[in-house]
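Construct the complete structure from the given sequences, taking the supplied hints into account.
Listed below are the residues making up each chain.
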Amino acid sequence: MGFRGEIGLEQGFDPLVVFREGFGFVPNLVLAQSALARAMAAHAKLEEAVTFRDGAISRIHKEQILLSIAADRRDNYCSALDSGLLCSLGVPEAQIDDLLNDCGQARLSAPDRALLEFCLRLSRSASSVRCHDIEALQAQEFSDEAILEAVVVTALALYRCTLSVALAPQSDFMPPNLSQKKKPAASGSRLTAAANGSRPSAKKKGSYLPAPYLSPNTFAPFAVIQKSHGFIPNFFRSQTLRPDLLQAELEAVGAVLLTEDFLTRVQKESILLTVSAANLNSYCVAVHCNMLRGLGLSAEEADQIAVDHHLSDISKADIALLDFAVKLGAHFSEFSREDTANLETLGFTPVQILEGAVVTALNNFANTLQMGLGIEPDFASPLVFETNKVNPSGAATTLMPREGVVHFAATLQDADSELVSRAQDGNLEAFEELARRHSQLIYRTLVAILGDAADAQDAMQDTLLSAFKGVGGFQGRSKFSTWLVSIARNAALQRLRSRRNIESLDQICNDEDGDFRPRQVRAWQANPEQWHSKTEIRELVEKGLLQIPAKYRVVVVLRDIEQLSSEEVARQLGLSVPAVKTRLLRARLMLREWLSPHLAESSKGAAR
Amino acid sequence: MITCEEFFGEFADYLEGQVSPEVREELELHLSQCHACHVLYDSSRKTIKIVSESNSFELPQKVFDPIIDRVMAKLRTDRS
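Heads up: the protein sequence lines correspond to chains Y and P, in order.
Heads up: the first sequence begins at 1 in my numbering, then just goes up one per residue.
Heads up: the second sequence begins at 1 in my numbering, then just goes up one per residue.
Incorrect hints may appear among the rest.
Claimed, not checked - Examples of chain P residues lying across from chain Y (beta carbon under 10 Å, computed): (1) Glu5; (2) Glu6; (3) Phe11; (4) Glu16; (5) Ser20; (6) Ile48; (7) Phe57; (8) Asp65; (9) Ile68.
Said to hold, decoys possible - Calculated cross-link-like contacts (lysine-lysine; reagent style DSSO-like; alpha-carbon spacing at most 27 Å): (10) Y:Lys534 - P:Lys46; (11) P:Lys46 - Y:Lys469; (12) P:Lys62 - Y:Lys469; (13) Y:Lys534 - P:Lys74; (14) P:Lys62 - Y:Lys534; (15) P:Lys62 - P:Lys74; (16) Y:Lys543 - P:Lys74; (17) P:Lys46 - Y:Lys479; (18) P:Lys62 - Y:Lys479; (19) Y:Lys327 - Y:Lys316; (20) Y:Lys479 - Y:Lys469; (21) P:Lys49 - Y:Lys534.
Stated by the list, open to error - Facing chain P, according to a computed beta carbon distance under 8 Å, are these residues of chain Y, among others: (22) Ser171; (23) Ala211; (24) Glu542.
Simulated from the structure, these hints should not be mistaken for laboratory data.
Please read these numbers as outputs of a predicted model, since none were measured by experiment.
Heads up, the beta-carbon is just placed ideally off N, CA and C, and yes, glycines get one too.
Given below as structure tokens:
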């Protein structure tokens with residue numbers, strides 16, 4: 001699932017030219033990335049779209065936001081860069097000094113101050129931002145485009161600062177003397193007061209800003225995402241006010257994440273997952289769990305990395321890589337040279353470490369954007385962070401203690417758990433009870449894959465024997481019933497294999513989904529059920545189910561008949577959620593075609 | 001207004017109730033004006049309802065009991 005090559009960087013794109021045009025020179029922060037040309041290119045794409053291109057807010061305003069955030073994070077390099085740039089844009093030194101010191105004191109108009117305060121809060125504790133913060137800016141007459149830009153500029157500030165912490169470049173300008181300045185975010189400052197005054201507003205559906213509909217037919221990048229993901233994540237949908245920005249982000253993602261030359265994609269997705277979890281960003285956690293599954297990890301492995309990567313089955317070196325990223329991305333003030341040196345001792349090359357830092361920077365860009373725009377989840381997250389427990393006035397590093405964050409395994413309330421633990425101790429009665437409890441679910445899974453009732457009944461015996469053999473290894477990370485379905489699935493596949501039923505096997509294991517278009521256009525009866533008996537309908541549906549390919553049948557049986565969520569179906573079948581969605585739609589449409597001649601308006605009473 | 005093609009692109013999410021309010025508005029506007037898509041939506045919704053309530057492949061527990069009994073007998077023999 002990649003869109004590299006399709007949303008690639010154009011030929012002859014020279015990041016250095018972009019920086020020279022935008023800044024008048026190439027900052028050392030960029031030169032420090034020269035070992036990884038595609039990282040420089042990604043950075044250039046983002047700066048070009050976010051900072052250099054004229055938009056709803058002026059370049060000076062953008063630089064003011066960038067400077068205030070850099071100063072607030074006590075980032076010497078970025079503060080010097082932004083002060084130098086503001087100076088060259090003709091902003092008086094006294095004003096720059098005010099921004100460096102305490103933007104609360106800076107001589108700004110009321111709306112400008114409100115915008116700056118919003119950006120600072122987003123940078124410090126993104127999870128405290130709520131819809132009413134956006135509404136307050138709209139009340140100050142900021143356009144939706146301006147607010148979107150402010151959020152993206154804040155995200156870019158964190159991208160730059162994360163890189164600056166990791167790469168520690170030489171200053172381009174004489175560094176401003178931050179050490180003598182007041183501590184940022186002193187308690188009682190206006191900013192803190194504003195943050196404390198925030199109240200969680202009634203949850204509103206959808207992201208905070210309107211986003212016009214962009215069609216995959218007219219906006220090529222969406223067609224590519226649609227093809228690779230099966231759907232367009234809300235993350236991208238929420239930014240359609242600025243298609244050029246979306247394009248730049250996709251190019252940056254392509255350049256940084258979708259390559260395998262230094263760090264693997266699994267390593268990079270794991271970084272995105274753990275740092276998003278440390279930043280309490282449920283949306284991004286859900287996305288990257290899902291991506292990891294798409295890359296072949298089981299749902300349990302991905303969840304474990306999100307919950308606590310130290311307990312997952314990854315190598316010691318990878319654990320250290322994730323520790324490095326979490327410190328850099330979520331606890332930057334604790335980050336030191338030693339963290340980099342530690343990775344070198346474990347055998348990571350300087351380019352791999354650089355890439356790890358760039359991935360972390362891009363993660364913070366995305367986390368900030370998601371929280372600033374209030375982007376709604378595409379699918380359920382395995383982790384739910386209680387954002388109201390996050391101290392909204394604290395510095396960015398104030399996070400909930402890890403043990404307070406998740407009790408994922410514990411929150412899976414599984415009515416079977418007591419019987420399971422007895423069965424694990426070898427208690428046969430407990431196992432028998434579990435088998436009876438779930439026999440219908442097991443049978444449905446088997447018949448859905450095998451397509452034959454007698455076969456399915458035979459395969460139940462194999463399933464139960466395997467389940468008993470394997471129950472000791474069941475770790476309770478998923479529901480027991482989920483685990484049973486995966487055992488049933490394996491038993492069914494084994495049966496097809498032993499019979500060399502290649503056709504069915506191929507149907508199930510083949511990932512390709514050809515195009516399927518609905519053909520029946522006759523309107524249906526208003527209440528089809530009232531014209532046919534329950535038995536008639538059941539026979540009709542079963543016949544329909546048996547004539548669609550097994551890979552569609554199994555998804556629709558588990559989703560619509562067993563009423564499991566798409567996420568559960570994905571786990572049980574080892575599929576990605578988008579793949580489940582695609583197959584589910586296909587299955588429903590096929591069944592619709594099958595039912596249509598019987599249930600269309602002109603066919604009342606003609607069920608067969 | 002969006003095209004039928006665009007409507008179909010969102011159809012899976014719409015059936016699952018997983019579209020943003022903005023997209024939903026676009027889709028519903030389209031549905032109110034396009035007969036073919038309206039038929040597709042209405043019949044798909046009914047398909048889901050009928051399939052969900054069909055009790056397909058449901059067997060009485062008494063069909064499963066002998067299977068489970070056989071398995072348990074085997075496990076008990078293996079143990080002793």
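Now the hints, each set against the structure:
1. Glu5: 6 Å, holds
2. Glu6: The hint holds - Glu6 (chain P) has a Cβ within 10 Å of chain Y, the shortest such distance being about 5 Å.
3. Phe11: 7 Å, holds
4. Glu16: Holds, about 7 Å.
5. Ser20: With Cβ-Cβ at 4 Å, under 10 Å, it holds.
6. Ile48: Interface hint status for Ile48 (chain P): holds (6 Å vs cutoff 10 Å).
7. Phe57: At about 5 Å, which falls below the 10 Å cut-off, the nearest Cβ of chain Y leaves the hint on Phe57 (chain P) intact, so it holds.
8. Asp65: This interface hint holds because 8 Å falls under the 10 Å limit.
9. Ile68: This hint holds: Ile68 (chain P) lies near chain Y, its Cβ roughly 5 Å from the closest one there, short of 10 Å.
10. Y:Lys534 - P:Lys46: 15 Å, holds
11. P:Lys46 - Y:Lys469: Measuring from Cα to Cα gives roughly 42 Å; hence the hint is violated.
12. P:Lys62 - Y:Lys469: 25 Å, holds
13. Y:Lys534 - P:Lys74: 38 Å, violated
14. P:Lys62 - Y:Lys534: 21 Å, holds
15. P:Lys62 - P:Lys74: 19 Å, holds
16. Y:Lys543 - P:Lys74: 35 Å, violated
17. P:Lys46 - Y:Lys479: 31 Å, violated
18. P:Lys62 - Y:Lys479: At roughly 26 Å apart (the allowed maximum being 27 Å), Lys479 (chain Y) and Lys62 (chain P) satisfy the hint.
19. Y:Lys327 - Y:Lys316: 17 Å, holds
20. Y:Lys479 - Y:Lys469: 18 Å, holds
21. P:Lys49 - Y:Lys534: 13 Å, holds
22. Ser171: With a minimum Cβ separation of about 44 Å from chain P (threshold 8 Å), the hint on Ser171 (chain Y) is violated.
23. Ala211: With Cβ-Cβ at 6 Å, under 8 Å, it holds.
24. Glu542: Holds, about 5 Å.
Taken one by one, the earlier hints fail for this structure at numbers 11, 13, 16, 17, 22, listed in ascending order.
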